[in-house]
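So the sequences go chain by chain: A and B.
One rule links them: number in the numbering used here = place in the first sequence (from 1) + 1.
One rule links them: number in the numbering used here = place in the second sequence (from 1) + 1.
For the record, the hints were derived by calculation from the structure and aren't laboratory data.
Mixed in with the good hints, there may be bad ones.
Said to hold, decoys possible - Partial list, derived from the structure: chain A residues whose beta carbon lies under 7 Å from chain B: (1) 114; (2) 118; (3) 273.
Said to hold, decoys possible - Chain B regions said to be covered by chain A (calculated; three or more residues, Cβ under 8 Å): (4) 140-152; (5) 180-194.
For each residue, glycine too, the CB sits at the ideal point set by N, CA and C.
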Amino acid sequence: MQRPRARIRSPVGVPVTQAVPGSRASGAPILAVTDIVKRFGDGAEALLAVDGVSFDVGEGEFVSIIGPSGCGKSTLFNIIGGLVADYDGRIEVDGESVSGTHAAFGMVFQDESAFPWRSVIDNVAFPLELAGVGKRERHERARRFVSMVGLDGFERRYPAELSGGMRQRVAIARTLASQPRILLMDEPFAALDEQTRLLLGDKVLQIHQHLRQTTLLITHNITEAVQLSDRVIVMTYRPGRLKRTFDIDLPRPRTSEVVGSDAFGHYVAQIWNDLREEASRGMGDDESRQLGNERRR
Amino acid sequence: MATATATRAHRYAPLAAPALGFATLVGAFALVEVLIRVGAINRFVVPLPSQVLAAIPRIIVEEGILHRFWQTTQEALWASVLLVFAGIGLGMLMFRFRLLRSACETWVAAFASAPVVLMYPLFLVIFGRSATTIVMIGFVAGLPPVILKTIEGLAGTRTVLLDVGRSFRLDDWQLFRKILLPAAMPSIFVGLRVGLIFALINIVGVEFLINFGGLGQLINELAERYDLPGTYGAIGFVILVSVLFFVVCERVERWLLPG
C-alpha cells in the first residue's frame, strides 16, 4: 500500500518530502505502522491521542518523529514497542503483524532507566543474562557495547556514580546488547543539557554508522532530529496525526559540526515553521485549560 | 565528556568517623559523671558511669551475662528470620492482591502503634512460659513496619524500570525477581531495621516481664536488688545486641545492593 507523496523543494534547494497522509521508506520497510488510532477514556470524556498515523522505516534508516508536547509521540512509541494495548491499526515487522512486545524492538526510554543496583557491565549484560548467556561470555559481549557508547573504564561503576548522560548511555548500550532489529528511542536526551545532547548525538551517529542500526527516535528537539535523521516526520498537536515528512539530505558520516551548516539551518527553519503552528495550538489549549480551571475555582 | 560525577564529599581517614563516634560517647559519659558528682543528677537514680564500667567484669563473672546476651541475641535472631520471611512475604502478598492490601493495610499500620508487649498473657497462654513466647512477641511487634515498607518499596518502583523489563519481555516472575524486588530493597531494609528495633525492645521487655532468660530477666533481677551499676551495665549489653543487628543488617544490605 504505497501512499501518495508530493516531493517539494524549498527555496534553498533542500528537498522536502510531503507525505499525505503516511510516510514511506524508500527501500523495503522493516517496520510498517499503519493507521494507528489510540483513544484514552470513553464517551464524551474520550481523548483522541493518535489519529490515523501511518509510516514505515527502512532497514538501516534513522527516522525521527517530532511534535509538540502532548501530541501523542510517546503514546505512539509505547504502542510500537508493545507497551500500550487497545489501539486500532497495525504494526508490522518484516511484513508480519506484531502485537505486544516483540524481540525485534529495543527500547530506550526518556527517564533514566539504568538499574541502580547493577554495575554498568551488569546493566549492559542484562539482556544477555536473560538469554541465558554465561557470566564470562556475557561480560565479554557487554564490554563491546560499553565501549561503543564510550564508557570504557566505567564497567564496575554503579549508576549513582555516573552523570545523567553516562547513565543514558548505559541504557542505550543495554538495549543495543539485546541486538534489536529496530531501536526505539523516546526522547532519550530530554533531561540533558544542550552540549551533552549534541555530543551524545555524535555517539548515536557513530553507533548508527557502525551497526547500520534501524532507529526510530521520538523527540521534540529539532536540532537533534535533523542532526541524526534520514527522515523527520512532523506530528500535529492533539490528536497526533502526521503533518509532513522531511528527507534530511545531509551527507553521512555526520558529526555535531553539521549543526553549523547552512543546509542544517534551513532544515531546522522549515521544520520549525511546521512545528510552530502546532506548538502554538498546544500552548493555546494549555492556556484556555488554565483559564477554565481558574474560573471554576 | 566521560567524567563521572564523583561525590564531592570530603575525604577523611577511614577511622575518623568511628573515632569521633567513640569520642562523643566518652564525652557524654564524662559529662554525666561530672553532673552526678556535682549533684545535678541524683546518684541514687543514675549511677556513675565509672561505677557502671567497673560493674561489667562483675556481671560477666557473677551473673553470666555473656550467656544471657547470647540467649537474647538468639531470640532476636529467630524473630529476625521470621520477620524476613513472613514480613516480606506478607508485604509481597498485599502488594500483589489489591483487595488484600485495601482490606488490611490500615489495620497493619494501626497495629504498628499497639503495645504488643502488654499482650504477653495471651502469648503465654498460647506458647507457654518459654523462649517461643518471647520470639513470637518480638516477631509480631516487628511485623507492621516490615510489611508496610515492603509494600511501599514494591509500589514505589519507578514505572520506567518496569517498562524496561516489559520491553525485554520478562514474565511476571522475572519482572518480580529481576526488577521489583531489587528496586524495593532499600525500602525493605528500612522496614527491617525498624522492625528489628521493635522486636528487640519487645523481646527484652517480655524477658523482663515474665522473668524468663536473657538480658531482660537479668535487668529485672539486678533492678530488684537495687544494683544500679549492674542494671545499667546489662542495659549496655542490650544496646550491644542492637548495634550487632544494625551492623549485620547494613552489611547484608551493602552486599545485596552494592550500588
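To see whether the hints hold, each was checked on the structure:
1. 114: Hint holds; residue 114(A) Cβ to chain B Cβ min 5 Å, cut 7 Å.
2. 118: The hint holds - residue 118(A) has a Cβ within 7 Å of chain B, the shortest such distance being about 4 Å.
3. 273: Since the shortest Cβ distance to chain B is 27 Å, the answer is violated.
4. 140-152: As far as the segment 140-152 of chain B goes, the hint is violated, because 0 residues have Cβ atoms under 8 Å from chain A.
5. 180-194: holds (count 4)
Hint violations for this structure: numbers 3 and 4, all remaining hints satisfied.
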